[in-house]
Amino acid sequence: MAAALLAATVPVAPAGGRPLNIPHEQVVALLRHVAITPLSVPDDLMVDAVDRAALVELVATELRGAGAEVVPPGETGPALTAAAGANGARADPAAGGVDDERWKATLRDAERSLRGGRGVDCLLLVGLRTSQAAVANGLARWNGAAEDPLTGAARAFQGRRPRMLGLSVAVWLYGPEGDLLYWRRGGLRLLYKLGAGGQVVPVADADLLADPVRNARAVGLALGPLLERPAGAGSAP
Amino acid sequence: MAVPPPRALALALLAAAGCAAIQRPDARGTGETALERQLARAAEPAQGPRYTFLGVAMGDRSPAFYGDIRILDRILSHRYGAAYRSVLLSNREQWDQLRDLPLATSENVQLAVEALRAARRPEDRFIVLFTAHGNRGELSEEYPAPGRVRRSVPSALLGRWVKALAPNRTWVMISSCYSGSLLPAIEGPAVLAMTAADADHPSLGCGTLDRSTFFVGALVRSLDFDQSFDELWAATEERLRGYEARYRYPGANPQIRFGADLWGLRVKPLSRF
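So the sequences go chain by chain: L and D.
Taking our numbering, the leading residue of the first sequence gets 581, the next gets one more, and so forth.
Taking our numbering, the leading residue of the second sequence gets 14, the next gets one more, and so forth.
Quick caveat, the hints were computed from the structure, so don't treat them as lab data.
Please note that the accuracy of each hint is not assured.
[Said to hold, decoys possible] Over 10 Å on every C-beta distance to chain D, these chain L residues come out as not near it, computed from the model:
| id | residue |
| --- | --- |
| 1 | E605 |
| 2 | E637 |
| 3 | L638 |
| 4 | P652 |
| 5 | V678 |
| 6 | D680 |
| 7 | L807 |
[To be verified] Label-pair distances were calculated between CB atoms; the ranges are:
| id | chain 1 | residue 1 | chain 2 | residue 2 | range |
| --- | --- | --- | --- | --- | --- |
| 8 | D | L222 | L | V678 | 28 to 34 Å |
| 9 | L | R612 | D | R130 | 57 to 63 Å |
| 10 | L | P792 | D | R54 | 18 to 24 Å |
| 11 | L | G647 | D | D274 | 56 to 62 Å |
The C-beta atom is built at its ideal place from N, Cα and C for all residues, glycine as well.
Build the full structure now, drawing on both the sequences and the hints.
Written out as structure tokens, the structure is:
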């Protein structure tokens, strides 16, 4: 299939940013009971429910490997929806912005309602997000991943496209008070390739999560600094 | 000496070009997705009914048609598991040197339909998606040859393909402009037909950067096998209206028809198809 013909995504340097908002030891101490949400996907992409669930399960497996007890998305999703209904939408149409207090209250209420009211320590939001991928030296790079943007038929094409769109697995970890503790994106795959003649060709939606190796790599990039403390991490930004 | 009218001449040239193009060595696909291999897998027996998806993406330059058949194939394969069979044909321009899927030419569709008809059993179900550009009474067939071949698939031929699968229960979706004009040709007692538009309107979502046609995008996002076909259709229409409103398009007016034997499906879950 087409997926097998595509150039592989290879991990390169870690994604940039300062994902930890509190010392690493404090975050790890909170990873006892973690609720994980269903995968959110941008509206313009279609991902089958089975693929969504499989990706979230990869994330859950990583957390369990780190010793966490995971509340599955089947429970977390409805709790978050109910809390959002009670607190109101995060977006504030009157002020034209985002109401952070309302959002924190939503997260806090959802966390407290889980595990039969015993609550969880953290809530992990999981989604797919798009990012700009800069092209240099024949590779598109974004969020720790790199991929050849050209197709086989286009290798002779010498055109240059300095930016493309890459898809990433994104995670946001919120603490018991609704504070953002950690966020990270792990590059998954390019959303477009360059075909013969240099035209932009979308990757089929069916292929976005079809490669388990890519999926695992992207999840690893997204969770890496959280679960495997890298040198130099742990200080507040 | 009589001079052939321009239209007849053009048709003759197109036919000649088509005959030459179908002889390209990879026209029937390569590797595991070569047409013969797909058809062999589709004929493999299963316990209970087999659910066979025939996805035919006849446009070459818009990736939306290829995206349509691929996403539906992925969802259905997860849904039906061991009972699932599929035959995918696509005219999309290739990224790499070798064509993976067979071309969605009339010749290959004919081969596929004949093979599926020969291998079917009474309890088998068919799910068919034709996705392409279209005009009143026809679908456009476009594929890279070398050169580019453009032909039309008249509604009568489309009707013969669908009717060849009768009396097996068959769910046919057509995503193309004016696809409602094809309904009279494909309707039958055991056919559930859905079209992206009525006979008088274009449908949207077939540009060179579109990931799927609007109709299939709306349909796929609305798929819930625990809900009824009526609910699926209502959700699909609502989504489509939202997409079309963004483009200030008054509406393609998608159509649905239940064959006489399938009327009861309207209120039954999709899982009962």
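Evaluated hints:
1. E605: Answer for E605 (chain L): holds, closest chain D Cβ roughly 41 Å.
2. E637: holds (14 Å)
3. L638: holds (16 Å)
4. P652: holds (19 Å)
5. V678: holds (23 Å)
6. D680: holds (29 Å)
7. L807: holds (29 Å)
8. D:L222 x L:V678: 28 to 34 Å: At 30 Å between Cβs, range holds.
9. L:R612 x D:R130: 57 to 63 Å: The hinted range 57 to 63 Å holds for R612 (chain L) and R130 (chain D), with Cβ atoms some 59 Å apart.
10. L:P792 x D:R54: 18 to 24 Å: holds (22 Å)
11. L:G647 x D:D274: 56 to 62 Å: holds (57 Å)
Checked against the numbered hints above, the structure breaks none of them.
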